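K.L.:
Build the full structure now, drawing on both the sequences and the hints.
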Amino acid sequence: MLDHELRTMIDEVKDGRMDRRGFVQRMLAFGLTAPMATQLLAIGGAAMAESPSVYKPTKRGGGGALKLLWWQGPTLLNPHFATGTKDQDGSRLFYEPLACWDPDGNMKLVLAAEIPSLQNGGLAADGTSVTWKLKPGVKWHDGKPFTADDVVFNWEYARDPATATVTIGTHRDITVEKIDDLTVRITFKKPTPFWADAFVGAPGSIIPKHLFAEYKGAKSREAPNNLAPVGTGPYKFVEFKPGDVIRGELFADYHMPNRPHFDTIEMKGGGDAVSAARAVIQTGEYDFGWNIQVEDDVLLRLEKGGKGKTVYAVGGDTEFIALNFTDPNTEVDGERSSIKTKHPLLSDPAVRKALAMLVDREAVKKVIYGRAGRTTPNFLNGPEKFVSKNTTWEFSIEKASKLLEDAGWKAGADGIREKDGKKLKLLYQTAINGPRQKTQAIVKQACQKAGIDVELKSVVASVFFSSDVANPDTYAKFYADLEMFQIPMSQPDPSQLMRRFHSRYVATKENKWQGVNFPRWVNKDYDAAVDAAEGETDMVKRAELYIKANDIMMQDTVFIPVMHRLKVEAAANSLRPVVSGWANETDNLFDWYREATG
Amino acid sequence: MSQYVLRRLLIAVPSLLGISLVLFIVLALAPGDPFSELATNPNVPPEVAAALRAKFGLDDPIYLRYLRWITAMLQGDWGFSFVSRMNVDKLILQRLPTTLYVIGSAQLLALAIAIPVGVYAATKPYSIFDQIANTLAFIGFSLPTFFTGLLFILLFSITLDWLPFVYTTDIKATGFRWVVEQVRQAIMPVMVLGLFQAASMTRFVRSAMLDVIRLDYVTTARAKGLGQARVIVKHAMRNALIPVVTLVALQMPAVFGGAIVTEQIFRIPGIGSLLISSILSNDTPVVMAVTFVFACLVVLFNLIADVLYGWLDPRISLR
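The listed protein sequences correspond, in order, to chains E and F.
Going by our numbering, the residue at position 434 of the first sequence is 458; the numbering climbs one at a time, nothing skipped.
Going by our numbering, the residue at position 136 of the second sequence is 186; the numbering climbs one at a time, nothing skipped.
Any given hint could be a false lead.
[What the hints assert, rightly or not] Chain F is nowhere near these chain E residues, computed Cβ spacing over 12 Å in every case:
| id | residue |
| --- | --- |
| 1 | Ala106 |
| 2 | Lys159 |
| 3 | Lys202 |
| 4 | Asp205 |
| 5 | Arg245 |
| 6 | Lys265 |
| 7 | Val338 |
| 8 | Lys377 |
| 9 | Gly439 |
| 10 | Gly458 |
| 11 | Ser491 |
[To be verified] Covered, in the sense of this in silico footprint (three residues per stretch, anywhere, with C-beta under 8 Å from a C-beta of chain F), are these stretches of chain E:
| id | segment |
| --- | --- |
| 12 | 163-169 |
| 13 | 305-314 |
In case anyone wonders, no lab produced these hints; they're calculated from the structure.
These numbers were taken from a predicted model, which means no experiment stands behind them.
All C-beta atoms in this analysis are idealised placements derived from N, C-alpha and C, irrespective of residue type, glycine included.
P.N.:
Here's what the structure looks like:
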């Protein structure tokens, strides 16, 4: 089918001249599947459409107590100070954003009345502003009304460096103004196709102006409500002990009908993932366990005749091996892995390609991740419309050996390949975490068979991921040849993730290793594709650009994707949790309920 | 006496200062930083973490940070948690009751088992009772608490389904039910800790008692025609308890310090779990406060033990 024809039809749907069902049926006639057709619509800018709710209860309350088990307990309850996702999860029980993400990565309204679009005038055609209409009649837990002033205040609060928020990155480059009591406009400095960053999802939760106005800036830490949130959410705050427990109770004036289902809520922290799985799946002491990173065969064993089961949510988190394009063993101006150097071994594309063939993704999935992983040839694995179909992967020691052989890497007396006196010896580092060390072992074994000597190194996670400039073992310094980690995708949009590997973000001593392009990979075509995508308001073209960017990366073998990881949670059999791979676990809490029969 | 106490307290000051200095330097030199979690969040640009580090003074030289900390501590300001953004004293006080209840009960249980069993075993050395008690004691202190803890959970929570294994501080019940629930959830951790302590203490009491029971004055007491119970309790035990008092006094700080492993297994929100989570997240002010208070308690209870000696055995004079 012609691209033009398709576009006309998408436009017709957008303008309302053709209904969505009609479009999907026409597509089916062309041999496309229904999900594919809806996907096309989504790409075509009719995106951000709300899908129907699965919520069944017909009255507010009556669901009893909901007991959540977070094995790392939230330590603070102000979304602007949330250092980790656990803190966002905790704050999100009480505070709400304008909109959140449902399991399919679609936008769902919370405090906003409608999803901004070109049709309703919410989005500027040039992509430089977005106007949100707020839901009328929303009340804070203390009875005060929620208005546009609160939204504007959150922007002022977060962007003030003296407040020391972690959300400053989202807020410092935008302008938020009040149009009327129930309308706010966000203006961007440049065209921003992905406008749903500020005030969306758990990190975008809104705190009340009337309680925090006095504590903006340097006095932020003194605000009594930092520890006793007053939000708009389905549950009202009762008690908080950092790292231990959060309790809440049903908010009778909640703005969504028939919600919430539960009368009280408790979030308990502490312990470890395995015993959390036990407490939910085996003994049923708790209803929901967060982030159950436990080996699959352990979970399968627990699930046998248990009181709960595991729940999976698909997002875009990819575990990958990054290849260093600079030389970690040569010091230039007091800096190793300097952008001024070239990696002696990995600068040969044949070596990089051979390495990619030596990562047995199927074995990693079978032995380690099980149901919680999917093999993938791509770095960018979601949302669906941004996933490249042009790439493939394979595991073959023979082919890898041949590739190296042809490129002149011949096996020496000790079985290790060498060329021009350089031996194929690589240092492969990652954070300490069971699955990661097992993956390292699988990769090392295959490499050995192909004549590559791999030395393994594992660093404590708190060091590996730290921004400590003085420490040589951080992932930003990358004083190794290969390193493995994952970058969580917290929004159903690839812009943040892909931007990281633009050549201007190369990590160097000069920027105190704050640049996020750790492989120190420089590619003009990639830069151009990402730059173009950031300003592209045509959603079809934008998706194409990101797919192209992914393909360039894979062609250059900057990363070797190891596993597309799914979120794993544990839930009681009767609980109907709604968990999105694109958001915090508690982002859709208002839709959770318990089925009467187990 | 009061002069002795005063002198001991004065000697304690430099040693506490030294302890705090060592603690601080070790923590400052340890790798990692409290904002490392931010680095993995793509939403947060790295300069945000850097700005936070600067704001909380983490980039200043160590001696400046130490001076700042010690002056604040002397004024009673325990510091401010980077991770929870609240005052450390509040954080600790919140956790203290649970630790006192669980660890305190465990210590009491240990004493309640160790003293009678140890004393009785010593009065009849190498009897069947003594053999059994000894064997059990050896098994008891050879098994680490994380092992017995998991074993208890598997047996009592999962197989038998009698006891909960997640400790909650807010039990939704009142009156008698509340007490029952409170006891029920503490049974496993108290047993695990208490039996472990009791095992080593039993051995200790037994040997202390054996030393005393053979002395001439005990034989004299018997020769006077005193009953066995009276001889043992009044004459032998009082003297045998002196080394036990030292042991117990040195255990007391642990009652405040919590038990890291056991608290982690049973999710008890005590000082031990606060300490370990703070160490893992590099929350220096909390780690400093907890360890420093612990050091103070050790010094204090050592002093108390020494004072108690004088009371138990008037022959020991304190000068």
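K.L.:
Give a verdict on every hint.
P.N.:
Okay, the hints, checked on the actual structure:
The Cβ of E/Ala106 sits about 9 Å from the closest Cβ of chain F, inside the 12 Å cut-off, so the non-interface label is violated. At the 12 Å boundary, the C-beta of E/Lys159 stays outside the reach of chain F, the nearest C-beta of that chain being 25 Å off. The Cβ of E/Lys202 lies farther than 12 Å from every Cβ of chain F, with a closest approach of about 25 Å, so its non-interface assignment holds. For E/Asp205, the condition that its CB be more than 12 Å from all CB atoms of chain F holds, with the nearest at approximately 29 Å.
Listed as a non-interface residue, E/Arg245 fails to keep its Cβ farther than 12 Å from every Cβ of chain F; the least gap is roughly 6 Å. In this structure E/Lys265 is not separated from chain F by more than 12 Å, as the shortest Cβ-Cβ distance comes to only about 5 Å. Interface exclusion of E/Val338 from chain F stands, the closest Cβ pair being 18 Å apart, more than 12 Å. At the 12 Å boundary, the C-beta of E/Lys377 stays outside the reach of chain F, the nearest C-beta of that chain being 28 Å off.
Every CB of chain F lies more than 12 Å from the CB of E/Gly439, the least distance being 36 Å, so the non-interface label holds. In this structure E/Gly458 is separated from chain F by more than 12 Å, as the shortest Cβ-Cβ distance comes to about 16 Å. The Cβ of E/Ser491 sits about 5 Å from the closest Cβ of chain F, inside the 12 Å cut-off, so the non-interface label is violated. Here's how the segment 163-169 of chain E fares: 0 of its residues keep a CB closer than 8 Å to some CB of chain F, so the rule of at least three is not met and the hint is violated.
For the segment 305-314 of chain E, the proposed coverage by chain F is satisfied: 4 residues have a C-beta within less than 8 Å of a C-beta in that chain, meeting the threshold of three.
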